[in-house]
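Assembling the complex is the task here: the two chains are given apart, and the hints tell you how they should meet.
Sequences listed follow chains A and B, in order.
First residue of the first sequence? That's 0 in numbering that gives the first Met the number 0, and the numbers climb one at a time after it.
First residue of the second sequence? That's 0 in numbering that gives the first Met the number 0, and the numbers climb one at a time after it.
Be a bit skeptical, because a hint or two may be false.
[What the hints assert, rightly or not] Heads up, simulated DSS-like pairs for lysine-lysine below, C-alpha to C-alpha not over 27 Å straight-line:
1. B:K211 <-> B:K145
2. B:K211 <-> A:K92
3. B:K299 <-> B:K238
4. A:K92 <-> B:K238
5. B:K145 <-> B:K238
6. B:K299 <-> A:K92
Don't read these hints as lab results, they were simulated from the structure.
None of these values were measured; they are calculated from a predicted model.
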Amino acid sequence: MSIRIHIENCDDSFPCPEGSNVLRAMECLGRRGIPVGCRGGGCGVCKVRVLAGEYRNETISRACVSVEEEAEGYSLACKLIPEGDLRLRVIGKMARSFDATRGGFHFYGTPSAASHRS
Amino acid sequence: MAMTGVLRPGHVALRVLDLEQAVHHYTEVVGLSEVARDAQGRVFLKAWDEADHHSVVLRQADEAGMDYMGWRVDSDATLDRLVAELEASPLATETTWIAAGEHPHTGRRFRFTIPTGHSMELYAHRDVTGCATGYLNPEPWPDGLKGMAPSRFDHCLLYGDDLDGTVELFTRILGFNLAEQVVAGPERLQIAAFLTCSNKAHDVAFIRQPMKNKFHHASFLLGSWNEVLKAADIISKKKVSLDLGPTRHGITRGETIYFFDPSGNRNEVFAGGYIWYPDKPTITWTDDQLGPAIFYHDRKLNEAFLSVVT
Ligand code: FES
Ligand SMILES: [Fe+2]
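Extracted from the complex, chain B is given alone in its bound form (with noise of 0.2 Å):
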């Protein structure tokens, strides 16, 4: 099946009290580079692999966590079928079009608000300023590379009470399938859901919490272990404050480490996982296997990791 509708996590938008403290995390130890600052002083950042003008968003506010996060779809009529669907149905609220070009080199964005009570945008079209190496006989990775230097923005984890509205919204309106899950009690409910709409064990995932619109992290990709445990290098080096890892996750089998910006904004870099395809079964995991569900190593709960969020 060719990859349709909803093709990739394109943006997210994180707020940071402090912006240039920020910008110098996103790019010198996490190792994006900074792409444009608009007239509002939002600052617009890419990973080297990237194709589109940008994928991370800074703003200076004075609470931290995420603004929104948007999705590329694959043309305009794709925008406007899920745009009506999104209309017409109850699970999406707070609904609005954002004017093209209030992201740079980027077209109209449709911004609503789903159950959990995150603000999520669609797009068809960002300019394609292109990645570090090109696309004419390009050189495995490139030059200059700084920090951890992800190949690109890759998921986010987000905490919300309404776990089923924004399941069922992912699912039956824009097209995700249900990698993976976790179930609690000898009812099973449903307490977390990995989302893809790709062939990625996660484009999105989400954990039934009481808040709405709490932001757990977001996620760059690494090529290797061994880049993330260079990443942990990098952590202490640049005294950046560690969360938790290296270790791998039982959940989509990601090699993993979790820092915090200096917002208190939790980032994830990570490795490895495996290749999703529609006829692959969903997994699923008890809330008695939870410990290595989440680190598969230490096979342990994690408060800090389960309860800290902004």
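Just chain A, same shape as in the assembly (with noise of 0.2 Å):
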């Protein structure tokens, strides 16, 4: 029986293989949701936080996760290996660094505002 992801923020569900990492099963059948980055843990494009079902951590970045975010859930999905069905929100965002269409370089918020980490 195969785990499914359940993504709130779009209210959309995937499936995901055993072993897989969240990210990886979302990418392969085509979907959105997570932004895709590095998919090595380093990035934190692909955060999110854990609602509800089992899982285990592969090593993350500590500058994208702390270890006291960790221990409320928050991940990043090309680390996170689901052990269950999983109920996920989405945290990290691609920062737009530039808008081509504004003409210009815009900062989006402040330097901590505008990076992954929250």
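What follows is the structure, given as structure tokens:
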């Protein structure tokens, strides 16, 4: 029986093969909802918070998820291995560093707000 | 003009989340060779055509990203002169000497922080252990190469806030030149600077971005577009995380592909570009043409390429 990942933000769900990380499962199905970056637990754009379900995390960069956050269910989808159905909220964003349509370089909030750290 | 002063990017030191996975990536996928390990557990590597002892340093840490980049200068006299100028400038902060031998086969290094928050080093000595083909009647390339097998570590692209300060430090103090730039808006604010200390289109590049001390990529040189395509095959064969490419940059004209190491640090391998001379005018790109400036074929801005850093 396959595991289902439910993404709360867009009220969408997709299956995840056993042993696969959530981001890879999403990408393999051509689905969207979680931003895709390095796929290596280093950049933080795929940051999520697990609201319900069993899982384990592979090694993630502490610049993206602190020990305290990890204890509160924050994770990186590219390092998140479900061990049953999961409900997630997507936290990470592609911080738009450049907006050509508005003719210039844009700072999105303060440096800390523009970063993926929360 | 003979090349003097700062000669080249000599090393890049990267933080990785799992050392053995990283060593596997940089040796089997990228195709560098491991040349040493030290008591701190750092791993030193080099590309096949590099003469000096090492050019890439990996350190296991709980965050990915770049620790520092090092620049080889032509002599001790140059090192002392540049250090005096850096010490006297408000642009260089957290200045410190690192003792000879802290990196294996390497002399004293002077470390400082630049206005965009990155740590940089200058050094004048590193033992020449030789390239893989030697210097007497050499073959054009060695046997036993693995992975993409670049000939050298070439440059880094870094993100930070005070681009003006960093460009001033590199041009006014370290003697770099501005080969290419990107400007934005009616006030033509400089948002990217491609700096050269040599005959290359860039030895380091910086992008203006609100966070300090961010790492976009470390790049390695291949011999041809065909080798870039083969690198793309290797990325799929070895199930490496692909970022973008193969494609061509408008900026610097390089033929390129981007991918990530297992800790999420971005790598590039590239070929081509042009030879830069000190009398070449600076090339300027405007933000309305940023699509083809960055990816000449696709001509579109790519959010992941622009936003994903470690
Ligand atoms: S995609 Fe970079 S941390 Fe997951
Ligand atoms: Fe590059």
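Status of each hint after checking the structure:
Of the pairs offered as hints, the one joining K211 of chain B and K145 of chain B is violated, with about 35 Å between alpha carbons and a cut-off of 27 Å exceeded. Distance restraint check for K211 of chain B and K92 of chain A: the Cα-Cα separation of roughly 18 Å lies within the 27 Å cut-off, and the hinted pair is therefore satisfied. Proximity of K299 of chain B to K238 of chain B is assessed by CA-CA distance (about 26 Å); at most 27 Å being required, the pair is judged to hold. Restraint check for K92 of chain A and K238 of chain B: satisfied, since their Cα atoms lie roughly 25 Å apart, inside the 27 Å limit.
At roughly 16 Å between alpha-carbon atoms, K145 of chain B and K238 of chain B fall within 27 Å of each other, so this suggested pair holds. For the proposed pair K299 of chain B and K92 of chain A, the alpha carbon gap of about 19 Å is at most 27 Å, so the pair holds.
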